[in-house]
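Chains as they are written, first to last, in the numbering used here: chain Y, 1 to 398; chain H, 1 to 132.
To be clear, the hints were calculated from the coordinates, so they are not data collected in a lab.
For clarity, every value in this text was computed on a predicted model and none was experimentally measured.
Some clues are possibly wrong.
As the list claims (entries may be wrong) - Computed from the model, here is a short list of chain H residues facing chain Y with C-beta under 8 Å:
1. L12
2. R16
3. Y17
4. R19
5. I24
6. A31
7. V33
8. G39
9. I41
10. Q63
11. T64
12. G68
We put the beta carbon where it would ideally sit given N, CA and C, even for glycine.
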Amino acid sequence: MRRIYLDHAATTAVSAEVLKTMKPYFRKHFGNPSEPHQWGRESKVAIEQAREKAAVFLGAKTSEILFTSGATEAINLAHKGLVEVSYKEDSDKIPHIITSSIEHKAVIETCKHLERLKLAKITYLPVDKNGLVKTNDIKKVVKPETLLVSVMYVNNEMGAIQPIKEISKLIKKINLARFNSHLPPIYFHTDATQAIQYLDCRVAELGVDLLSLSGHKFYAPKGVGLLYFKKGISLIRQQDGGEQENHLRAGTENIPYIVGLGKALELITEDRQQTLRKINNLKEKLISGVLKIPEVKLVGGTEKKAPHIVSFLVKGVEGEAMMLLLSEKGIAASSGSACTSGLLEPSHVLLAMGYRPEEAHGSLRFSLGKDNTKEEIDDVIEALPRIIEKLRKMAPKL
Amino acid sequence: MKINQFYSKKVLEHLRYPRNMGEIKNPDGVATVGNPVCGDIMRLYIKIEKKKGKEYIKDVKFQTLGCGAAIATSSIITTMVKDKPLSEAEKITNQAIAEALGGLPPVKMHCSLLAAKALQKAIANYRQKTKK
Chain Y
1 MRRIYLDHAA TTAVSAEVLK TMKPYFRKHF GNPSEPHQWG RESKVAIEQA
51 REKAAVFLGA KTSEILFTSG ATEAINLAHK GLVEVSYKED SDKIPHIITS
101 SIEHKAVIET CKHLERLKLA KITYLPVDKN GLVKTNDIKK VVKPETLLVS
151 VMYVNNEMGA IQPIKEISKL IKKINLARFN SHLPPIYFHT DATQAIQYLD
201 CRVAELGVDL LSLSGHKFYA PKGVGLLYFK KGISLIRQQD GGEQENHLRA
251 GTENIPYIVG LGKALELITE DRQQTLRKIN NLKEKLISGV LKIPEVKLVG
301 GTEKKAPHIV SFLVKGVEGE AMMLLLSEKG IAASSGSACT SGLLEPSHVL
351 LAMGYRPEEA HGSLRFSLGK DNTKEEIDDV IEALPRIIEK LRKMAPKL
Chain H
1 MKINQFYSKK VLEHLRYPRN MGEIKNPDGV ATVGNPVCGD IMRLYIKIEK
51 KKGKEYIKDV KFQTLGCGAA IATSSIITTM VKDKPLSEAE KITNQAIAEA
101 LGGLPPVKMH CSLLAAKALQ KAIANYRQKT KK
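Chain H on its own, in the form it takes in the complex (with noise of 0.2 Å):
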């Protein structure tokens, strides 16, 4: 019988030491997606980079108020797209978050849900300022 009620050692771990945590001075782009029925509150910041007419991330920080998955999905988001090309960055599905994590209880499913929403939300924020 698989136990998933409770964490993997990856959540754990990314609770413990959360990676790119913290706020990026003048964002290229900027979200902040919350999720009231959790509680939840995330915030990313991305940092644009153009190299030979393609766009990448070349900085990505987070801040989240919310619960150990909250957490755990919104620090594994950016180990996931830093200096990766946007376009490839702006596939990432919520289910890749979650494996990135070694899987994540059903109940919490909608963190990874919301980190995905906040990069795609950053990524928005983005093309709109790039836009004008």
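So that you can see chain Y by itself, here it is in the shape it has in the complex (with noise of 0.2 Å):
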């Protein structure tokens, strides 16, 4: 049966050319980078190969990266390891968090983490009907004890694009503000897992201090990823042990991956023109094609949003289902529905966009990749239709 992946955001294959250059370093060049010798000097070098391409594709200085398991751990390290600082500065002050209502779920249960455990106040901000934070809401809810602000670059259910550089540019006033009244600079985080493929992550022009990223969902392998923070930024690491990434995550260096991650980065610099303009018109096509059936929308419009992401709510079907009889078809997809999330809740981006629970649970993302072609799309516009309406004939009429 031909198989038809449109799941790239929840991940991706690693690429052939990513695989052969993290090959060597399972058996030849296995040795530990800590260790002086020549086999750990290789690793060594290995390491700080790759640590130089993520510098450059981000525009930073290789001293600025951080290697971790995934964007899930960057994302940890970086906010919990801003409050420890806050409280060695200052042990009475209880810091403050703006993060966004939609943020992936590493950043709000870290952030819940953070709450219950009184470490720190948290403010979600609201998102409009496009799923968009609204920058002068940032304004309204800044205080003294604000430490950091964390807004993801792109939603990884709906694809909308936030605002990153407005965002950027109302902390560095608000911080020349606190400069002058000797209050500390408030810091600005943000995940950028869904971007990286597709946009301008150079961190100098989005003017963010911290940034995180998962290498799988860029053909890199799954457990790799990084966390950029500007120099000057102090944090204290999550993981105690050795004195691996500049005392800053303890642990065995994970090399193959980090160099996968790296090689991955490198070819995203080559590609991107070409894979953009191809999947902006497979993107275009499955949204027309798709909006044809009775019924559906697009979720939060086609302004602002990545070139690979797509979702739809489809009147009167359950999510879920839909999935499933796509996969018996041979089509990959995911929902946002309450029965696909294992705790019975609709999503919060939808929830959090003005959707109600029962448009919601008609949640349907397709996400594509690079290797994605017409023909693919033209077997999902002509499979769905069929799918969306056996299913429409199975439910009752209220």
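Dock chain to chain to rebuild the complex, using the hints, since each chain is given by itself in its own frame.
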């Protein structure tokens, strides 16, 4: 059976080129980079070359790149690490974090953790009907204790591109005023996981102080990611042990995966324009095809959207059932319906955008990748209406 | 290790080929149950026949809006009760429904509860009608 993979926002396959680059580091160059012998040195050189590639990609210094097991770990380290430093500097002050209501669980749950332990106060910014944070809302909730603003670059469920540059400009302005009143600066973190492949992620352009990413969303393996943190920012490490990663992340480095991450970032720079053009065309085709089905709507319009994520709400059908029947037809998609969550709650992102729970139940997300073809999109456009029709016929009339 | 967060083959088969799906015109009993938490809505229709003073479920049909488990549980319950004496059918538990499907992921057990409830309510609806 043909297999059409349209769930790239969940994960991607390791590309052949990335895998080839990784291979020597499993058996040939396996040394521990903390050891001074030549085996160790080979590994150390490999890590530093990967770090160089990451630095080039982000327009950062190599000393500002810290490899982790993925974006989740990077996010935990950024948020918890900054909060701990804040206590070290002023143990009486409970730091305040501003984030959005549509962040990935990695950010939301980290914030909730800090909130539960009363280590931080959190403000969750609302979004408009297009799923966008309003920069001005930040101005309204900033307090003297505000330590961090954390807003994702691209939302993973519906692709809205958040106004990162605008937010960083505002924070710089606020920080200038804070400097004059002897308040510490507010840091700005972005979870850029879904943006890496297609958008400008140079940190100076974005104006961010910290940035997290995960390799497996762009053809590097699962289990590797990084945190960019601007020179001058102190963090307290969350994983104690050896001195790896400049004392900020203990544990023997995952050399082959770090090498793979570096290679995948390098490949993005080479292929971006070409991939972007192709994916934009496929996405337009998919949207116009799917919207021909009656009572289907696009989540949050077409403006300010990442090229690879497209999310629909299908009336009178439950998302998981659609997903399963698509899967039977060899098509991988995703859904933010309650039944797929494991928690039986509809997507917090769709609810934050103002959709009602009964609408959110009909959520269906497709996310494109570099290897998708026009023919595959044609197949989806042919299969989906039948599946929706079948499920609608099954539903009771209310 | 048992991977029990995924559906059994039987669940997927019932989702693909639902049994006794549709509507019964002039049913002897009908019930609609819903679970606002998950957003599932099930409707069950039954037609009763009396043979030698005993009541049998002659026909049964379902309509469901919901996830894979909601559809599969409502589909399988129809096969479990069709042509069965009413007294036997009303004893079907949600565990029996889940077992008949080769098990359900723990988080989906409430769907089997919903299916059992739909049947009980459809029978209650029939009893209420015949009382009059």
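G39 of chain H as an interface hint toward chain Y, with CB separation required under 8 Å: Cβ of G39 of chain H sits 4 Å from chain Y, so the hint holds.
Supplied contact hint for Y17 of chain H, tested at 8 Å Cβ to chain Y: 11 Å, violated
Minimum beta-carbon distance criterion (8 Å), R19 of chain H to chain Y: 12 Å, violated
Restraint satisfaction for R16 of chain H [CB to CB of chain Y, less than 8 Å]: 6 Å, holds
Interface hint for I41 of chain H, Cβ within 8 Å of any Cβ on chain Y: With a closest approach of 6 Å, the I41 of chain H hint holds.
Chain Y contact restraint for T64 of chain H - C-beta distance below 8 Å: The hint holds - T64 of chain H has a Cβ within 8 Å of chain Y, the shortest such distance being about 6 Å.
Given hint V33 of chain H near chain Y, where the shortest CB pair must fall under 8 Å: Violated, about 10 Å.
Interface hint for I24 of chain H, Cβ within 8 Å of any Cβ on chain Y: 12 Å, violated
Interface hint compliance - G68 of chain H to chain Y, C-beta minimum distance less than 8 Å: Status holds, d = 5 Å.
Q63 of chain H as chain Y interface residue, shortest Cβ-Cβ below 8 Å: 4 Å, holds
Chain Y contact restraint on L12 of chain H - CB to CB distance below 8 Å: 7 Å, holds
Per-residue hint verdict: A31 of chain H, partner chain Y, C-beta under 8 Å: 11 Å, violated
The structure does not agree with the numbered hints 3, 4, 5, 6, 7 stated previously, though it agrees with the rest.
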